[in-house]
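A.B. asks: Each chain, letter by letter, is given below.
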Amino acid sequence: MQQSMFNLRVPLPEKGEVFLMNTLTDAQLLVSPDIAGLLDRLSDDPEVFQPSQLTSDDRDALATLTEHGFIVPSRATDTEALNKFFTDYREDTEQLRVTVLTTLQCNFACDYCFQGDHGDYNKHADKMSLDDSARLATWIEGRLDELKPKRLTITFFGGEPLLNIPVIYDQAERAFAACEKRGVTLALGIITNGLLLTEELVDRLLPYGLGYVKVTLDGDRDTHNIMRPLRGGQGTFDRIVENVRKIAGKVRVAIGGNFDADSVESFPALLDFLKEQDFADKLSKVAFKPVVRQRQVAKNVIPLTVVSDKPLNGTCMTAAGSGGSSICDTCQFVDEQLSHLRDETKKRGFPTVDGVHMGPCEIHKRHAYTIGPNGSTYACPGFTGEPSLATGHIDGRSDSWRMSAAERFEHLAAWHKCGDCAFIPVCAGGCSVASHTELGDMNIPTCHKPAFESALVSLAHDAASAF
Amino acid sequence: MAKIKIVKSGKETAKPQNFCPWVVDVDAPPQSK
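As they're listed, the protein sequences go chains E and S.
Following my numbering, the numbering of the first sequence begins with 1 at its first residue and continues without gaps.
Following my numbering, the numbering of the second sequence begins with 1001 at its first residue and continues without gaps.
All the given hints hold, so there is nothing to weed out.
Simulated pairs of lysine-lysine, DSBU-like, Cα-Cα distance not exceeding 35 angstroms: (1) E/Lys347 to E/Lys275; (2) S/Lys1005 to E/Lys346; (3) E/Lys347 to S/Lys1005; (4) E/Lys346 to S/Lys1008; (5) E/Lys417 to S/Lys1008; (6) E/Lys250 to E/Lys127; (7) S/Lys1003 to E/Lys347; (8) S/Lys1005 to E/Lys282; (9) S/Lys1003 to E/Lys346; (10) E/Lys250 to E/Lys365; (11) E/Lys148 to E/Lys250; (12) E/Lys282 to E/Lys181; (13) S/Lys1011 to E/Lys148; (14) E/Lys365 to S/Lys1008; (15) E/Lys150 to E/Lys84; (16) S/Lys1008 to E/Lys148; (17) E/Lys250 to S/Lys1008; (18) E/Lys150 to S/Lys1008; (19) S/Lys1005 to E/Lys365; (20) E/Lys346 to S/Lys1011; (21) S/Lys1011 to E/Lys417.
Here are a few chain E residues that sit away from chain S, every Cβ distance over 12 angstroms (derived from the structure): (22) Ala137; (23) Thr138; (24) Arg143; (25) Ile165; (26) Arg204; (27) Gly249; (28) Glu407; (29) Asn443.
If you want a taste of the chain E side facing chain S, the calculated C-beta under 7 angstroms gives, among others: (30) Thr25; (31) Ala27; (32) Gln28; (33) Leu29; (34) Leu30; (35) Val31; (36) Ser32; (37) Thr64; (38) His68; (39) Gly69; (40) Ala463.
Derived by calculation from the structure, the hints in this document are not laboratory data.
Where is the CB? At the ideal position from N, CA and C, for every residue including glycine.
Given only the sequences and the hints, what does the whole structure look like? Please build it.
C.D. replies: Dropping the structure here:
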């Protein structure tokens, strides 16, 4: 018997305890230091399991640790369990997830995004037609009949999805009817810049299962207005906030935001502002993320791409390596700021992510699809800017290049290069889009182990406080 | 004295919260009809 490779620990000397977590079973324990010591003895000398060397308390403790996955028969057992975990995750049929890009057009002109109201982009950007929407609904029905899931989750995204509201209504109505017929639970979500968000829209979608709306604010008022302006430079913050105020009591609203080195310091002021609003207690989640940038301008990867010569350009989200020991300066910056903003968010009482339970993301699920406006299917929304990486099409066409792309995603497993990192079950090798965009290979991990480690410490302290 | 407090059992798998830097709120729970 030996310690699981997925064990993590945080000493809490002020409490006289040690926080133990196993990332594969998600067991979390607070133990006395002698129990942690028992695990160490096990690593040093597996013979510790000899009954003659154990007290009754030790035997009970080892039984509990084994029950929760902290002790396993062998490394092979861990590896086998990890493979099963990813296989089960990938093949899960409980939920069919579909992200629908109603359009690639956008009414914002954010300088970090290649999409949007720049030049003649919107003139040529795809927009889903009602005919294609009907075809998509038929395709979804086919998947429902094939999989027989308990839930269908449709997320509307873009571009700016609210630039094509007729398709949103069409999808919602058709999906609702399809789910009613089959006894499937339907959940709808919208990820929007918030400018066109109205009560009317929410009221119309609520009966169909609208579960949440996610709106993006990139910093405090002044910073957001610089980061996310209209084409003419007009600010958008006030209008978005007023729109959120109108709908906050009707549907769960999540606030997201993208930060870079120039904007990150304004986020605490944004949090203070949100805390003062009458809808503060109605926000279901507040969480911020780094702007992901490319090394090269050439590729179109949505929605966050290059602005050259900025401090994070080309390096955030990229420190690859076995177990994540090589972290570049800017990645370290991102990791520190992610932790800092999470703490600031928690300090103000907003629900947010814990920073440990981050993955695996849906790219590792077989039955999660992103549908582009023209009906092409993608492994995740981050790849929709590269048509050559489409994995299929809702009309069933089977071009060799699509099949080839599908094959690449079928075998996506960057964590194979992560050695014995204990965070693999909650990371899966990081964001494949970041790997593809910044490293040129989606099978190389994007490692942010320090961010996970920092989050683990917070999780441990939260657990200790709760007891 | 040896003690173990169970914060969370290893028998219920946690749901991923949100890894994706682009989009996906994977924790958005289903809404009942």
